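Student: Each chain is listed here by its residues.
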Amino acid sequence: MQSSATTKRMLTLAAAGSLVLAAAGCATVQPAAPTSQLAVARAAVADARSADAGTYDAADLHNAQRKLDRAHDEMAQGDYAAAKNLAEEAEVDARLAATRARSDKATRAATEVQASIRALQDEITRNAQ
Amino acid sequence: MKTWKLAAGLALPAFALGACAVMPEHDSELTDARAAVVAAQNDPKVVELAPTELNQAVEAMHRADRAWSDHRDVEYVHHLAYLAWTRAAIAQETARMKEAEASVASATAERDRVRLEARTREAQRAQARAASAEISAQRAQAQAEVNRRQAIVAQQQAAGATQAAQAARSEAEQAQQQAALARAQAANANEHAQALQAALAELQARPTDRGMVVTMGDLLFDTGSAHLKPGGERIVDNLADFMRTYPQRRVAIEGFTDSVGNPGYNQDLSERRADAVRLALIDRGIDPARIVARGYGEEYPVASNGNVAGRQMNRRVEVVISDVNGVIGSRGSAPLANVGRGPRG
Numbered sequence: 001m002q003s004s005a006t007t008k009r010m011l012t013l014a015a016a017g018s019l020v021l022a023a024a025g026c027a028t029v030q031p032a033a034p035t036s037q038l039a040v041a042r043a044a045v046a047d048a049r050s051a052d053a054g055t056y057d058a059a060d061l062h063n064a065q066r067k068l069d070r071a072h073d074e075m076a077q078g079d080y081a082a083a084k085n086l087a088e089e090a091e092v093d094a095r096l097a098a099t100r101a102r103s104d105k106a107t108r109a110a111t112e113v114q115a116s117i118r119a120l121q122d123e124i125t126r127n128a129q
Numbered sequence: 130m131k132t133w134k135l136a137a138g139l140a141l142p143a144f145a146l147g148a149c150a151v152m153p154e155h156d157s158e159l160t161d162a163r164a165a166v167v168a169a170q171n172d173p174k175v176v177e178l179a180p181t182e183l184n185q186a187v188e189a190m191h192r193a194d195r196a197w198s199d200h201r202d203v204e205y206v207h208h209l210a211y212l213a214w215t216r217a218a219i220a221q222e223t224a225r226m227k228e229a230e231a232s233v234a235s236a237t238a239e240r241d242r243v244r245l246e247a248r249t250r251e252a253q254r255a256q257a258r259a260a261s262a263e264i265s266a267q268r269a270q271a272q273a274e275v276n277r278r279q280a281i282v283a284q285q286q287a288a289g290a291t292q293a294a295q296a297a298r299s300e301a302e303q304a305q306q307q308a309a310l311a312r313a314q315a316a317n318a319n320e321h322a323q324a325l326q327a328a329l330a331e332l333q334a335r336p337t338d339r340g341m342v343v344t345m346g347d348l349l350f351d352t353g354s355a356h357l358k359p360g361g362e363r364i365v366d367n368l369a370d371f372m373r374t375y376p377q378r379r380v381a382i383e384g385f386t387d388s389v390g391n392p393g394y395n396q397d398l399s400e401r402r403a404d405a406v407r408l409a410l411i412d413r414g415i416d417p418a419r420i421v422a423r424g425y426g427e428e429y430p431v432a433s434n435g436n437v438a439g440r441q442m443n444r445r446v447e448v449v450i451s452d453v454n455g456v457i458g459s460r461g462s463a464p465l466a467n468v469g470r471g472p473r474g
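One line per chain: the protein sequences are A and B, in this order.
Counted from 1, the first sequence has number 72 at position 72 by the numbering used here; the numbering is strictly sequential.
Counted from 1, the second sequence has number 339 at position 210 by the numbering used here; the numbering is strictly sequential.
Incorrect hints may have been included.
What the hints assert, rightly or not - Subject to a maximum C-alpha distance of 25 angstroms in a straight line, what follows is the list of computed PhoX-like cross-link-like pairs (lysine-lysine):
#, chain 1, residue 1, chain 2, residue 2
1, B, Lys174, B, Lys227
2, A, Lys105, B, Lys174
3, B, Lys358, A, Lys105
Worth flagging that the hints you see were computed from the coordinates, not collected in a lab.
If you're wondering where the values come from, they're calculated on a predicted model, not measured in any experiment.
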């Protein structure tokens with residue numbers, strides 16, 4: 001459901017892209033280049049990679065990376081509004097991927113520690129006999 | 130769509146929060162996002178563990194709602210709805226992460242506690258084993274001490290037995306020595322007796338009731354004189370030797386005559402002859418206290434005065450030798466009364 005929603009969003013975004021371009025042509029106010037937003041998104045993607053999101057949440061990391069790339073493209077083509085939106089989405093996607101990766105790792109670690117506790121307790125019980 | 134209706138239902142409380150509560154809800158993107166945000170708000174774990182992320186999600190939702198109420202273009206509203214939806218997911222995921230991290234921390238603490246417990250128990254077991262080993266060692270030591278004492282007692286008993294054996298041996302040796310001594314003494318006594326016998330034989334002594342008696346005949350004196358002839362001197366030599374050899378012995382020297390002539394003269398001669406022998410012994414170093422001399426004149430004849438031979442036998446000096454204690458039997462205990470005349474007065 002999530003992926004289908006994402007696909008839907010992609011399609012609507014793509015459709016909106018041309019409308020935005022058309023609107024930009026007649027708009028008197030051109031938004032500033034989202035340089036800082038792109039930098040934040042880039043940092044978030046890098047953080048997600050360092051959190052091993054490539055292993056734990058490859059789909060979200062992939063989305064983030066793809067949107068970041070497209071944001072760069074839009075930026076290059078001068079569509080700052082689209083670049084900003086894509087960068088914002090890339091950032092939250094990357095943050096979600098990083099958080100999921102960390103969450104999964106912590107859960108796994110907790111499971112391992114609990115397993116080691118059980119092993120220790122078994123050992124105590126065995127030695128006590 | 131089922132999820133849509135569910136999300137709309139869940140979203141109802143959020144309308145109260147939202148500034149645009151009067152706005153009819155038509156956009157499904159917005160609805161999905163609101164449902165996600167509300168779900169996060171209603172999750173106590175998210176409220177507790179991810180307040181910052183929840184706040185960001187709510188903020189994002191407000192921006193999306195505002196954009197919708199401001200009639201911003203739908204793509205932009207969808208973009209903001211996407212951000213809100215993802216922020217809500219981040220809040221949920223953060224809460225899950227914090228929970229897992231807390232779980233790791235507490236489990237680690239628990240593991241450390243259990244590990245400590247395991248080590249403590251191991252140490253206690255080791256201690257118990259050491260204590261048990263200690264007790265065994267003490268028991269072994271006590272047993273060794275008992276064995277040692279038993280060995281000492283046995284040793285002492287053996288030493289006692291050895292001592293007893295030695296004592297018995299030394300007693301036997303002593304007895305043997307005493308026996309040897311007794312034998313030697315007996316041999317010695319025997320030797321003494323034999324020597325005495327030999328000495329007495331040398332003196333030609335004869336046994337009488339008063340003791341051994343040496344008779345010096347008339348021929349050993351000059352006629353009618355107390356002067357000793359060389360033969361008489363020899364007998365006195367032998368007598369002196371004997372008395373030096375047996376210092377306990379004493380002598381009684383007794384002079385006699387025949388019955389011819391004046392009895393007074395005879396008495397005098399008998400006394401002078403006895404005294405001559407006494408002085409000869411004293412001359413040879415014999416203690417005078419060991420010697421008594423006495424004259425009996427014509428008394429105590431040993432033969433008949435009726436013939437020459439008898440008269441010669443009666444003219445004599447008798448030396449009576451005492452017993453070993455110096456005692457000499459008194460004259461008269463066995464007088465020769467049947468021979469010649471009886472004793473005078």
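Student: Take the hints in turn and mark each one as holding or not.
Tutor: Structure-based check of all given hints:
| no. | hint | in the structure |
| --- | --- | --- |
| 1 | B:Lys174 x B:Lys227 | 9 angstroms, holds |
| 2 | A:Lys105 x B:Lys174 | 19 angstroms, holds |
| 3 | B:Lys358 x A:Lys105 | 161 angstroms, violated |
Going down the numbered hints, you'll see the structure goes against just number 3.
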